[in-house]
Structures are given as C-alpha cells and as structure tokens.
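Position chain H relative to chain A; hints supplied.
Below, each chain spelled out in residue letters.
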Amino acid sequence: GQSLEQPSEVTAVEGAIVQINCTYQTSGFYGLSWYQQHDGGAPTFLSYNALDGLEETGRFSSFLSRSDSYGYLLLQELQMKDSASYFCAVRDQDDKIIFGKGTRLHILP
Amino acid sequence: DSGVTQTPKHLITATGQRVTLRCSPRSGDLSVYWYQQSLDQGLQFLIQYYNGEERAKGNILERFSAQQFPDLHSELNLSSLELGDSALYFCASSVQWGAGEKLFFGSGTQLSVL
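Protein chains in written order, with this note's numbering: chain A, 5 to 113; chain H, 2 to 115.
Rather than coming from a laboratory, the hints here were simulated on the basis of the structure.
Hints are not guaranteed to be accurate.
[Unchecked claim] Straight-line distance between alpha carbons at most 30 Å, and here's what the computed DSBU-like set of lysine-lysine pairs gives: (1) A:105 with H:10; (2) A:105 with A:85; (3) H:10 with H:58; (4) H:58 with A:105; (5) H:103 with H:58; (6) A:85 with H:10; (7) A:85 with H:103; (8) H:10 with H:103; (9) A:85 with H:58.
In isolation and in its complexed conformation, chain A is listed as follows (with noise of 0.2 Å):
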C-alpha cells in the first residue's frame, strides 16, 4: 500500500532548530512536498524536493533521499508562530496527491 509516515507531534523551544521526519512508501514517485496548517487554516505550501539533497527557503529548509524514501523539514530560529501542522505530501503513479497525516508542532517560550 501506500503510505507517508511522520512523527504525529513535536515539542521544540522558541529560536531552536527541529527537524520533522518523512517516511514514504508509494507506487511511483516524482518529489516530496512540504505544506504548513496553522489551526482553523488552509495548507500553504512551503517546499519541494524533487532531486536529493537540501532546499533552503529562508528559515525552511527541506531535505530528500530518495534512496532512503526519506525526508525531512528543517526550521530554524523557531517562532511562536510556527506552532502549526506540518504536512508532507507525495504524487504517486497514478497522479494522486497523498499526504502524510500531519505532525503538530508545538514551541515553548
């Protein structure tokens, strides 16, 4: 089946780094997604790996090993306001967008 794994929540301190893991097993591949969900918000995208290696965006950065079937969202220099739900996503061979199931993201003052 197909399936993208991520850590359901992640605790981290305000001006810190976290790391959010994905796992993805699919039929086909074409490149990772990442989208951000404040509470009550619509997903904004925030990145895209189609290659591996690390994409920086600004505080954002996201990393893909395709051997591995692995990726991760790098944020650092922590603000409150990315306390949110942090999603990736995959476009399999059949053209479906599949997203994991999300990890909170929770920071501490």
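Only chain H this time, still in chain A's reference frame:
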C-alpha cells in the same frame, strides 16, 4: 489569500441530505483537487480534475461525486449524508499536473451533519 474560493464556508445539514460544495480555482489554474480533513486527521485525497477531465481518484465514496465545468470551477456533491461525513472539505488548484506543482488551497467548507 490563495486565490482559490470555496463556498459555502460552513454548512449544517441533516443525515440523508444532499449538499453541493463549490470551488473556483485561481485564475489560470487548470487542475482542481478535493480533499477531506476530519478532526485530527490528515488530508484525504478525494479526486482531481484537469481542464474538465477527471485525472485521478482516491478513496472517494460512491455517495460522493464531482465535476469540473468549462469555466474550470468545480463542484463536489455529497449525498445520503451520514454523521461520519462531517469534516472540513478543501479544494486546491494548481497550474497543471506533473512533478513539482504547488497546490493552492481554498479556506475550506466546514460540513456538519447532524
């Protein structure tokens, strides 16, 4: 504002009823996706349309159907509603399908089935 418009924002109805959720994609976007999000659940893929044609289908119930019209807006029809259908329904759009596309989500329709 993502540019994707969903109506209505809230919908309260009774079991057995039928409702229609509407989505207008961003200007120029040809693909529309529908997702269901239940409490503390991830985004469950329902269906995708590209330029009026069904492109991909998830575990969408037979009681649910959707279509994309020539003006590219889309409607999701939910019939014979059950309590378990209560959820947040999101529509998303993208320019095209294919690797690397970025989905823009609407603000969702909160459906409550009583």
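Each hint, compared with the structure:
no.: 1; hint: A:105 with H:10; in the structure: 23 Å, holds
no.: 2; hint: A:105 with A:85; in the structure: 21 Å, holds
no.: 3; hint: H:10 with H:58; in the structure: 24 Å, holds
no.: 4; hint: H:58 with A:105; in the structure: 19 Å, holds
no.: 5; hint: H:103 with H:58; in the structure: 19 Å, holds
no.: 6; hint: A:85 with H:10; in the structure: 24 Å, holds
no.: 7; hint: A:85 with H:103; in the structure: 22 Å, holds
no.: 8; hint: H:10 with H:103; in the structure: 23 Å, holds
no.: 9; hint: A:85 with H:58; in the structure: 35 Å, violated
In summary, the one numbered hint that this structure violates is 9.
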